[in-house]
Structures are given as structure tokens and as C-alpha cells.
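Protein chains: 2
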Amino acid sequence: MSPKLPAKARIREVGPRDGFQNEPEIISTADKIALINQLARTGLDRIEIASFVRADIIPQLADAVEVLNGVDIPEHIALTVLVPNNRGLDNALKVRERFHEVAMFVSASETHNKRNVNRAIDESMADNEIVAKRIDSEGLRPTAVIATAFGCPFEGKVPMARTLEIAEQFAAVGCAEIGFGDTTGMAHPAYVFDIFSAAIDRLPGVEIAAHFHNTRGQGLANAYAALQAGCTSFESSFGELGGCPVPAGSTGNIATEDLINMFHEMGVATGVNLPAVIDAARAAQSVLGRKLTSHCIVAGPVDWHPDGTATGCH
Amino acid sequence: MSPKLPAKARIREVGPRDGFQNEPEIISTADKIALINQLARTGLDRIEIASFVRADIIPQLADAVEVLNGVDIPEHIALTVLVPNNRGLDNALKVRERFHEVAMFVSASETHNKRNVNRAIDESMADNEIVAKRIDSEGLRPTAVIATAFGCPFEGKVPMARTLEIAEQFAAVGCAEIGFGDTTGMAHPAYVFDIFSAAIDRLPGVEIAAHFHNTRGQGLANAYAALQAGCTSFESSFGELGGCPVPAGSTGNIATEDLINMFHEMGVATGVNLPAVIDAARAAQSVLGRKLTSHCIVAGPVDWHPDGTATGCH
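Read top to bottom, the protein sequences are chains F and H.
Going by full-length UniProt numbering, 156 is the number at position 156 of the first sequence; the sequence numbering is gapless.
Going by full-length UniProt numbering, 295 is the number at position 295 of the second sequence; the sequence numbering is gapless.
Okay, chain F solo, but in the shape it has when bound (with noise of 0.2 Å):
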């Protein structure tokens, strides 16, 4: 029989922070309204919604306090945002009642987080154990993604045990969960099930999560290794939107429809509705005016049956 995988599975839509990002001509708040409130119908509870970051740097979510004050969610819904620093917190808090968890992130390489932030990871991380402290003692939830945890793109493979401590160190500060991302698809599922089967074990009582990226087509594979190895929190965006697509053209992040589409089919529950998930991707393509490319939103769930075939294949 297969590896034993585990039987449900929570997931982080991010398409609204992560997703939105990346796109070079700015939505409305309207509309980015309008597609948050309809991703929070589809069972998915919990979304990334917003980041505080500075507006003439990431102008597209300069209108995060007003997205944040006009979407209307349901009660069981988490909503994250993200902080870059501690600056980006003070932001944030003037909406303190408007969400429920927040996200630091550092880089495994320093070059790229001296890109991604501008500051060496020493002087990331002291930051963010400020940021831990004030977030907990504002009753919010802590959580942590690492950025470039399966390899940097200037500086090549980042070592695990490098990975792994400055998980150690989120842990301390008291992150509630900490997430593994691959910033710009290098990694593979061999190195996925090691580094979370050692993760799972070296921080009892943190949430894992897994934050893939597609850019070299593994991004499901990924997924699927590191349920074999035991995690169960995973971080994915509608349309298969964003993801800081690296080289240009990229894809980015895993699309939510795809993801949960393999989970369910191997009886892995997620509580996601499949259909309305692909209804609020194919929103968004109507929104942002061009394909996306996730592969649900053409393919529709696997019980569709098309009315025709090619003729002479398998």
C-alpha cells in the first residue's frame, strides 16, 4: 500500500496577498474586495489578505487598511497579514481588530533577503523577535515563512541546518507556526520530505507549513512529499496568482484549485469546496483580463466527463 498520508489538511490561501502582489497594473479595492469576500465562502478558513509594506515600494497593496476595513468574513475564518518590520506592524495595528494572525519573513540566503529587505538576516531576525513579542502581546497569532529555504537563486543551495536554525530561532521567539518557502521553485521532493520530516521533529508544537512554489512545474510534487512526510498545513493562491515569479514569466505560487483538486482525490480532506474555488479563480481571470495559469481552472475537477476525445491516442 502507499505511504500512509495524513487525512486532512488545512490550507492558507495567500492569492490575496501573494497573488495580488505580483500584478503590475492595480486593482481596485473593489475588486480585490469583492474576490476576498467570495474566497471566504468557499470553506477555506484561513487567508493572507494583505501586507504591510511601504506604498511607494509595493503600491498595489498600498490600500491594505481599506481592504482590510471593507471585506466581510465569515466567523471562522483566520485572516493573516503579512509585516516586513516592525515599522509595518505599527501599520498594521491601526486595524488590530481587523485580523487574527501576522507573518514575519526572513531569508535562508543572505543575499536574498539583502535584495528581498534590505538588511542582513541577523538584523532581520532581531527585528522580528520585536515584532513576535508585540504581535503575541496583542493576542494575535505569531507565524514565520522562511524565504529561499529550498535554495537562492544568487547564492545556489542553502544548507539545511541553515534552514533549520533560523526555524529554531522563529520557534523561540515564541512563532506559532513557521513555514518553509521556495521562493523561486528549486525545490524538489526528495529534499522536501527530509527538511520537513526533520522540521516536524526538531519543533514539537509548531504549526509546519509549506509554502511552494510551481516555477519548475514540481510544485504539487512537493506538496506530495511533504504530506508523506507529515505536513498538514500548506500556503496556495487561487489562479495559481504570484508567487514573486522568478525568472520572468515564471509561474508562481501552487494554485489553490490544483492542490486541493490531488488532495482530495488521494482522500486527504481540506474542508474546500473545489468548484467554488475554481469559480473564484475564473473571477479573478475576469478581473485581472488574461488566462491564469492553474490548471483546474481549464481542467475542472477529475469527475467531469467532456463530451469528446482525440481519436488515436492514450
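Worth flagging that the hints you see were computed from the coordinates, not collected in a lab.
Since copy identity is lost for identical chains, a pair holds within one copy or between any two.
Distance condition first, Cα-Cα at most 27 Å in a straight line; then the derived DSS-like pairs of lysine-lysine: (1) 133 to 114; (2) 114 to 157; (3) 157 to 4; (4) 8 to 157.
With chain F fixed as given, assemble chain H onto it according to the hints.
Showing chain H alone in chain F's frame:
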């Protein structure tokens, strides 16, 4: 440590048959020959080059004889032709000295077999028995692929016992290799692991091959699961061309360059030069005049170090 994987795997490039077959515009014979000659210099040692089907049904492959006579193929490469029936074999044998293997096929579901080749499964298998014996008596290698092995778009799930029964029938008539085709992208990794484990166990001495489509984005996840089950033989298509896209607009075959990239990253050797395959896929892109859907054609191998990355992301 991660589940033990095979040290190496074999890839059959099926783009010149399975890929070209699904192109709506006729590709010139000269362009086909140039692309095949390029593929034959990438380290690939197996290429499925043509199908001997009725020209009125698949006009794209009407030049099979001209292609076979026109290509310049290094000695170490085994060329495969596909035949839908005994009449197809008659036509193939007119250029008997130009190829090495012949692939038969049948669907695991009655409805798909009827729509694909207009016959019942039993009729197809009776013909395949005659074809297999003739292939063997010609000193060629008989191979087979079972379509809809992981599900049928008309009938839904196909019982594993039924698919394995057909595989045993192919083995009984002398097939040296039997592939399991995920015709419309209904396979998931847990099922893949189980059926490949069973097939390898029940058919010792037969090469068990995987023919996956990326219809719902799970192609490489399924390849990883097949590897874990001990499968070392894979079919794929450069550029992610072809693969009977159902529903219309879906992607088909897994991309050779994406598969090889994942295998090499995991330390599974293929003998294939990845940048050379990417070059061939880009040449196909030029010939076809449109962007293809493979990932590595855009992102390149993981050792690429692009100049830029977005800010404030993970």
C-alpha cells in the same frame, strides 16, 4: 531519510508522435525532421517518432514514412512507432529497417476504447495479439500502452484489477514493455504508487512504464510516486506538447525538460542533457509559433541565477 529512489530512469521522448499529432496546423515534414534530429542529439535514447494511423483521421501524421526515411538518428537510439491495429503494422513494415520498437495500445475502459479506435476492448486485444506476434517475428520489440489506466472521462474510475488484467494479457502475448497511460489526467500519486507497485510485482521481467499527462498539474507528482514504487521507465514530450488535451485547452503530456529537471535534482540520472532538451523545446516553440506550456522552457534549470527578484516576498 527520504524514500529510496532508483539511481536512474529511462525517458522515451514521445513529442514527435504524441505531441505533433495534436497540433491543429500541419507541421512540414522538414520541420519535423529537423526537430527530431535535434532531439536525437540531446542524450535521449528512445524516441517515439510516428504513428501509422489512417491519414484521413489524423492528417498530421500522414507523412510518417517520409519522416522515418528522412531523419538522421545516432546508432544508440531506439525509435518507436505506434500502430492502432494490424493494418497499421502493415504500413509500418514498409519501412521496417527504420525503427526498432512498435507500440500497441488499448483503453482500460470500453467507452474510451470505442471512441478512440471504434472497437470493443476484446476486439482490440485480439488484434493486438496478432500484431504482437508479427512484431516479434520481424525481430522488433513489442510494447504496449494502456490508455485510461487511471480513470476514464466517460466512465470515471477504472478498477485497478481491470487495468492489471489487460497488462497481463499484453505480457502473455510477449510485450516487453507495458505502459500505463493517464489519458485525461485523472491519476493521483497515491493510486499511482499502488498500481505501479502491483504491476511491477505481478509482471516480473516486463518493463513497466509511466505515461502521465499534466492535465490537472499532478504530472510530476505522479512521476515521483511512480519512482517511489520502483518504476524506472517514463514517457514525456518536449515542450509539454500533445497528449490528447481533454478537456480542450488542457495541457497534455508531462514535459520532458520538467521531468528531467526533477529527476536530476533528486539525483536520478537520465543521461539526457537538460539544456539541450530545453533548446529543442524552444525550437518547437519557434516552429509552432506559440508559447508552449512547459515550465523549464521559461524558468530554466535550477542552477540559473537570474538578476532580479521582487521585493517584500517569500
